[in-house]
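Chain residues, written in single-letter form:
Protein chains: 2
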Amino acid sequence: MSESEFDIIRKYFTEIGKASDWLVMGIGDDAAIIAPSSEHQLLISIDTLNLGVHFPGQCAAIDIGYKALAVNLSDIAAMGGEPKWFTLSLSLPSIDHNWLKDFCLGLSQLASKHNLKLVGGDTTRGPLSITIQIAGETPAKEVIKRDGAKVGDSIYVTGTLGDAAAGLALCAQNEDRNSYREALVDKLNKPIPRIAVGMALRSLATACIDISDGLAGDLGHILEDSGVGAELEQDAIPFSDELLEYAEKNELTSFLELSLYGGDDYELCFTAAEKSHEAIEKVGIEEDCKITRIGKIISDNGLYLVEDNDTTEINITGFDHFNT
Amino acid sequence: MSESEFDIIRKYFTEIGKASDWLVMGIGDDAAIIAPSSEHQLLISIDTLNLGVHFPGQCAAIDIGYKALAVNLSDIAAMGGEPKWFTLSLSLPSIDHNWLKDFCLGLSQLASKHNLKLVGGDTTRGPLSITIQIAGETPAKEVIKRDGAKVGDSIYVTGTLGDAAAGLALCAQNEDRNSYREALVDKLNKPIPRIAVGMALRSLATACIDISDGLAGDLGHILEDSGVGAELEQDAIPFSDELLEYAEKNELTSFLELSLYGGDDYELCFTAAEKSHEAIEKVGIEEDCKITRIGKIISDNGLYLVEDNDTTEINITGFDHFNT
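Sequence lines, in order, name chains A and B.
For the first sequence, the numbering used here begins at 121 and goes up steadily by one.
For the second sequence, the numbering used here begins at 121 and goes up steadily by one.
Nothing false has been slipped in among the hints.
Identical copies go unnamed one by one, so any copy, or any two together, can satisfy a pair.
Within a straight-line C-alpha distance of at most 20 Å, the following computed SDA-like cross-link-like pairs (lysine to any residue) qualify:
#: 1; residue 1: K310; residue 2: L220
#: 2; residue 1: K131; residue 2: D345
#: 3; residue 1: K310; residue 2: D361
#: 4; residue 1: K261; residue 2: L143
#: 5; residue 1: K261; residue 2: S157
#: 6; residue 1: K261; residue 2: M145
#: 7; residue 1: K261; residue 2: S158
#: 8; residue 1: K410; residue 2: P358
Calculated directly from the structure, the hints in this document are not laboratory data.
Start from the sequences, fold in the hints, and give me the full structure.
This is the structure:
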C-alpha cells in the first residue's frame, strides 16, 4: 500500500520548528489551536512559490524549503515582528521521499533558527507549489507600517542590493562556476530574513518594507502610502563585491538596474528621523548587518536619483509576475 | 499598461467580508495586523484547491470561490469555532477579469454570511490554484477535538451523505439535466459549512470532524485519535431523495459506498454521550439542520457495519489524492 497524505504529514511535518506554551495543539486535527497573547498584536502574511515562476526546475528541494519560509519571514521582519508559527500548503505532482526530506530540512533549519513552529498544513496533488502563511507578533502599537515616512527622514537599506537578480541571470547561463557565481546564486536561493534588525527598528523606523520586487517598486509603496517622495544618492546604493565582479566580467554597465528593478533581495528598506541615525548605526553593529543610508524623504511626489549634481526622476515599477 | 498584481488586489480583494475592531489593519502592507482576544483560542487551518484535482476545468469561477472558502469554514465548524478572518493565495495562469469578478463574488457571499474578513493575500502567476488559510475562535477549553469519543457515545452526522460523490460522477457524464442532477452537483460545488451547528455542539459533542474524504475515513480519524471503535447502523445512514433517485435510475446498488468512501460532503460527523441526545435533536431543529444518529462507539478497535443482524468489519480508508 502506498503512503497516504496522512502518513506524509506524520512523517515529515509534525516535528518542524519549535513552540512554547502558546501552542495548545498542532498538526493532527481539523485545525491547530493557539492561545494568543492579549499584550501582542498578530501579524499575518501569506506567500506562494510556484515552480517555473519563483524558482527553476533545477532548484534543490532544500533551497525551495528554505526560501518558501524565508520570504514569509521577511514580511514579518518588515513589520518589526517576532515570528511565532506558520502553516504550509504543499502541492506535489507525486510523492518523492528524497525531495520531501530535503524540502523539510530547508524548512526546519530556518524554523528552528527563528523559533517558529509549523502548526498546520495541507498536502495535495498538483503542480509543484508551496504556500506558507506566517504569523508573528509585536507589542501593541510597536508595529512598523509603510505609511509613516516623513519629509526629512533618511532612507536606509540592509545588506547589498541586486545580488539575487544577478544570481537569477547566472542560473540561466551555463557559465563555469567561479568565485562570484556561488555567492550571488546563494543570495537568490537563501535570502536572510532580517528578523533581528526589524525587531530592533520598532522604536526607530518610521516606515519599513522588505525588498522583494526591487528597491524602486518597494520604496515606491512606502512613498505612496506615506504621501511623500524620495531622493536616492546613486553612489550610496550598496553593492556586493561579487556583484561588482560579475558586472565587470560581463561588461554590465546597467547593474544599478538590478538593484532598482530586480526582485528577490529580501533586504529591508526603511525610513527614520535624522535624530535616530546613531541608534540605527548601533543596530547594524549589534545585529552584524550592514545598514546603509541611501537617500532622504522629500515632499515632492516621485522617486529621484541623484548622481553628482544631476537629478533624474525614475520609474516606480516593481517586478510584476504577470507582466514579465 | 496592463494591470499589476497590486491593482488586482486593490480592485478585487480589499472589500471581501466583514471585520470589527479586532482588525487593526487589513490588506495593503507586508502583513495584516490583528488584535487577538485573550479570552479565546485561535483555530487555524489551511486548504488548497487545485484545478484538475479538486475541481474540473469547466467549474464556474463563482463556485470555485465559494468552495475554496467553504472547505476551510468546514474545518472551523468541526472544531466548534466561530470564523474570524482568512488569507488567500491565488495562482492564476493569466489575468481574466470576468473570472476574478465571479471568483470574488463566490468568496464574498460566503464571507459576508459568516462575518469573516479577507485580511491578506498573494496573487501570483502559476497553474490555477487557490489556498485559503482560515482562523476561527472558541472560548478557551470549549473547542471540540477528535480525541474525545467515549465507549457508549452515539455517532451522528449532519445532512445527507454521498451526494457530492454522486455529483462528481454526474459532472463527468454528458447526461441531460434532470431533477436530481442539479441538486447533487450543487452539493459538490456548494457544500454548506455547518458553522452554527458546530458552535451549538461545543458543550455537547465529545469529538467532531468534517467529512471531506468519506464517512469511513473521517470517522476513522476520530476512532484512531480516541482509541475506540464504532458500529454503524447501515439503514440509519441518511441519503437524499436525489441520491436515491440517481441510484435507482443508474441501477447503482453500491451507493452506500458513495457515503463511506466518496469525498467532498463537508457534513459534520460527531460523537456525544447518550444523555445529550435530546439536546442534540434540539440543535438540529434550532439550526434547521438534519442531524441523524447513525451508530455508537464501541471498545473494539475497527469500524463495523450492522445490517439487520449481520455485522461486517469495513475498511477505514478515506479519499486520498495521491492514490487515485
